[in-house]
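Q: Here's the letter readout for the chains.
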Amino acid sequence: MGEVTAQPLVLDTSVVTAVARGDPDIIGLLQGYDARGRQLVIPALAIAGALLDAHSDEADDLLGGLELLDHVTIAPLRGTEQAARLADIIARTGLDPWDAHAAAIADVAIYPILTLDAAKWRQPSAALDEPLHIIEIADSDEHEPEE
Amino acid sequence: MSDRKSRLTITVDPDLSTYAERLVASGQAASVSAAFNEAMAEKAYRDRRRRGLWKARSDQADPARVARLMAHVDQQLTGG
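Protein chains in written order, with the working numbering: chain A, 20 to 166; chain B, -10 to 69.
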């Protein structure tokens, strides 16, 4: 309820792949945002990319379960204009089609991209007219230097 | 749940309508209604299984780690 008006988050292939692999903490995190009412946008091509990486009946069911969350929208690739925009982003950024679809949605709608790997987005983001807003999922405890 | 069927009007793709009629003609479904009823029952079963799988996975999550991950994301979203 608290995040109904907050900006939707676009999931990149790394996050969708973590779901397909059954990562409990990522699934818990997405469920947490869904419970708060935060809109989550899943690019259809990110699902294709994730299933190339982790294809099994269980992966199919986990990604099918993602679609059943209350605040999840699957973003299709529709029409010539969107296909041309995707091709332009691939050419400019060097991203694969799976993540380029996330970039295309985020670039047009000005939504943040949720990723497990912010580093892979630095160069592609710099290649676009407006930099993308990249949000990294990371455990602060795992990055603390040991005393 | 009542055994009594509800009546509803639906619009379906022509190829699916043709397929349902073929199931009836070949004796694999009692009626077009039965064919669509069975398809919807199967979807309901699949969705239940998928929700159950999500619940099972999220039950295995480490709540403290999930809270840290969400706090880190929230911090970036609010520009903190």
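Source of the hints: derived by calculation from the structure; they are not laboratory data. Cβ coordinates follow ideal geometry from the N, Cα and C atoms, glycine included. Hints may contain errors.
[To be verified] Output of the computed footprint for chain A on chain B, the stretches with three or more beta carbons under 8 Å from beta carbons of chain A:
#: 1; stretch: -3 to 3
#: 2; stretch: 17 to 23
#: 3; stretch: 56 to 67
[Claimed, not checked] No more than 20 Å apart at the CA atoms, straight line, and that leaves these computed lysine to any residue pairs for SDA-like:
#: 4; chain 1: A; residue 1: K139; chain 2: A; residue 2: D72
#: 5; chain 1: B; residue 1: K44; chain 2: A; residue 2: R57
#: 6; chain 1: B; residue 1: K32; chain 2: A; residue 2: K139
#: 7; chain 1: B; residue 1: K32; chain 2: A; residue 2: R97
#: 8; chain 1: B; residue 1: K32; chain 2: A; residue 2: V91
#: 9; chain 1: B; residue 1: K32; chain 2: A; residue 2: D72
#: 10; chain 1: B; residue 1: K(-6); chain 2: B; residue 2: S15
#: 11; chain 1: B; residue 1: K44; chain 2: B; residue 2: Y34
#: 12; chain 1: B; residue 1: K32; chain 2: A; residue 2: D79
#: 13; chain 1: B; residue 1: K32; chain 2: B; residue 2: L5
#: 14; chain 1: B; residue 1: K44; chain 2: A; residue 2: D76
#: 15; chain 1: B; residue 1: K32; chain 2: A; residue 2: A54
#: 16; chain 1: B; residue 1: K(-6); chain 2: B; residue 2: M29
#: 17; chain 1: B; residue 1: K44; chain 2: A; residue 2: G51
#: 18; chain 1: B; residue 1: K32; chain 2: B; residue 2: S22
#: 19; chain 1: B; residue 1: K44; chain 2: A; residue 2: D79
#: 20; chain 1: A; residue 1: K139; chain 2: A; residue 2: H152
#: 21; chain 1: B; residue 1: K(-6); chain 2: A; residue 2: S159
#: 22; chain 1: B; residue 1: K32; chain 2: A; residue 2: R141
#: 23; chain 1: B; residue 1: K44; chain 2: A; residue 2: G113
#: 24; chain 1: B; residue 1: K32; chain 2: A; residue 2: T92
#: 25; chain 1: B; residue 1: K(-6); chain 2: B; residue 2: K44
#: 26; chain 1: B; residue 1: K(-6); chain 2: B; residue 2: L42
#: 27; chain 1: B; residue 1: K44; chain 2: A; residue 2: K139
#: 28; chain 1: B; residue 1: K44; chain 2: A; residue 2: H152
#: 29; chain 1: B; residue 1: K44; chain 2: B; residue 2: F25
#: 30; chain 1: B; residue 1: K32; chain 2: B; residue 2: D51
#: 31; chain 1: B; residue 1: K32; chain 2: A; residue 2: P43
#: 32; chain 1: B; residue 1: K32; chain 2: B; residue 2: D2
#: 33; chain 1: B; residue 1: K32; chain 2: B; residue 2: L42
#: 34; chain 1: B; residue 1: K44; chain 2: A; residue 2: I153
#: 35; chain 1: B; residue 1: K44; chain 2: B; residue 2: D2
#: 36; chain 1: B; residue 1: K32; chain 2: A; residue 2: H152
Q: Decide, hint by hint, whether the structure agrees.
A: How the hints compare with the structure:
1. -3 to 3: violated (count 0)
2. 17 to 23: Violated: only 0 residues of the stretch 17 to 23 of chain B have a Cβ under 8 Å from chain A.
3. 56 to 67: holds (count 8)
4. A:K139 with A:D72: holds (17 Å)
5. B:K44 with A:R57: holds (19 Å)
6. B:K32 with A:K139: Given that 20 Å is the threshold and the Cα spacing comes to 38 Å, the pair is violated.
7. B:K32 with A:R97: violated (25 Å)
8. B:K32 with A:V91: Roughly 18 Å between the alpha carbons, so the hint for K32 (chain B) and V91 (chain A) holds.
9. B:K32 with A:D72: Violated. K32 (chain B) to D72 (chain A) sits at ~26 Å, over the 20 Å cutoff.
10. B:K(-6) with B:S15: violated (24 Å)
11. B:K44 with B:Y34: holds (15 Å)
12. B:K32 with A:D79: holds (14 Å)
13. B:K32 with B:L5: holds (15 Å)
14. B:K44 with A:D76: Distance of about 17 Å is within 20 Å: holds.
15. B:K32 with A:A54: violated (24 Å)
16. B:K(-6) with B:M29: Within the cut-off at roughly 14 Å; holds.
17. B:K44 with A:G51: holds (12 Å)
18. B:K32 with B:S22: Holds, because 15 Å separates the two Cα atoms, which is no more than 20 Å.
19. B:K44 with A:D79: holds (15 Å)
20. A:K139 with A:H152: The hint holds at about 13 Å.
21. B:K(-6) with A:S159: With Cα atoms ~55 Å apart, K(-6) (chain B) and S159 (chain A) exceed 20 Å; violated.
22. B:K32 with A:R141: violated (41 Å)
23. B:K44 with A:G113: Roughly 37 Å between the alpha carbons, so the hint for K44 (chain B) and G113 (chain A) is violated.
24. B:K32 with A:T92: With a Cα-Cα distance of about 19 Å, the restraint between K32 (chain B) and T92 (chain A) holds, given a limit of 20 Å.
25. B:K(-6) with B:K44: Not satisfied, since the Cα-Cα distance of roughly 31 Å exceeds 20 Å.
26. B:K(-6) with B:L42: Roughly 30 Å between the alpha carbons, so the hint for K(-6) (chain B) and L42 (chain B) is violated.
27. B:K44 with A:K139: violated (31 Å)
28. B:K44 with A:H152: Roughly 30 Å separates the two Cα atoms, so the pair is violated.
29. B:K44 with B:F25: violated (29 Å)
30. B:K32 with B:D51: Given that 20 Å is the threshold and the Cα spacing comes to 31 Å, the pair is violated.
31. B:K32 with A:P43: Cα-Cα ~25 Å, so violated.
32. B:K32 with B:D2: holds (17 Å)
33. B:K32 with B:L42: holds (15 Å)
34. B:K44 with A:I153: Since the Cα atoms of K44 (chain B) and I153 (chain A) sit roughly 28 Å apart, the hinted pair is violated (cutoff 20 Å).
35. B:K44 with B:D2: Status violated; Cα separation ~34 Å.
36. B:K32 with A:H152: Violated. K32 (chain B) to H152 (chain A) sits at ~37 Å, over the 20 Å cutoff.
Checked against the numbered hints above, the structure violates hints 1, 2, 6, 7, 9, 10, 15, 21, 22, 23, 25, 26, 27, 28, 29, 30, 31, 34, 35, 36; every other hint is satisfied.
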